[in-house]
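The opening residue of the sequence shown carries number 1 in this note's numbering; numbering runs sequentially from there.
Everything labelled a hint here was simulated from the structure, so no lab data went into it.
All residues carry an ideal CB built from backbone N, CA and C; glycine is no exception.
Incorrect hints may have been included.
[Stated by the list, open to error] 27 Å max Cα-Cα, derived BS3-like pairs, lysine-lysine:
| # | residue 1 | residue 2 |
| --- | --- | --- |
| 1 | Lys25 | Lys46 |
| 2 | Lys62 | Lys10 |
| 3 | Lys10 | Lys25 |
| 4 | Lys10 | Lys46 |
| 5 | Lys46 | Lys62 |
[As the list claims (entries may be wrong)] Estimated spans, in silico, between C-beta atoms of each pair:
| # | residue 1 | residue 2 | range |
| --- | --- | --- | --- |
| 6 | Gly77 | Leu6 | 31 to 41 Å |
| 7 | Lys25 | Ser81 | 26 to 36 Å |
| 8 | Asn50 | Phe26 | 14 to 24 Å |
| 9 | Ser3 | Ile67 | 29 to 39 Å |
| 10 | Asp43 | Leu11 | 33 to 43 Å |
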Amino acid sequence: MKSPHLNILKLMDQIINRIAANIHKFTFPDQAFTRCRKLNAIDLIKLILNIGAGSLNTELFKAFPDINFRMSASAFGQAVSSRGNRRL
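Taking the hints into account, I'd like the entire structure generated from these sequences.
Pasting the structure below:
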């Protein structure tokens, strides 16, 4: 029997992948997620869901241990705010 935790993680991955495949429905303007960036939609969603109580710099360091893929807290904040999230 599979662990219920594995089933939940698999379901979360499926949901995140479905959202990322349809990211244009959740963002505006049309430029959001069109360029090649360090932080794609899937990584952004997973990072936000996994952020703990540490500082943003600490959380980014844990999420991206390879310095080639890491961004500064300032760059992360600008990227998130420039995504143009739609308000419901």
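Results for each hint:
1. Lys25 <-> Lys46: holds, 18 Å
2. Lys62 <-> Lys10: holds, 22 Å
3. Lys10 <-> Lys25: holds, 23 Å
4. Lys10 <-> Lys46: Status holds; Cα separation ~13 Å.
5. Lys46 <-> Lys62: With a Cα-Cα distance of about 13 Å, the restraint between Lys46 and Lys62 holds, given a limit of 27 Å.
6. Gly77 <-> Leu6: 31 to 41 Å: holds, 33 Å
7. Lys25 <-> Ser81: 26 to 36 Å: violated, 20 Å
8. Asn50 <-> Phe26: 14 to 24 Å: With Cβ atoms ~19 Å apart, the hint holds.
9. Ser3 <-> Ile67: 29 to 39 Å: Holds, at about 34 Å.
10. Asp43 <-> Leu11: 33 to 43 Å: violated, 19 Å
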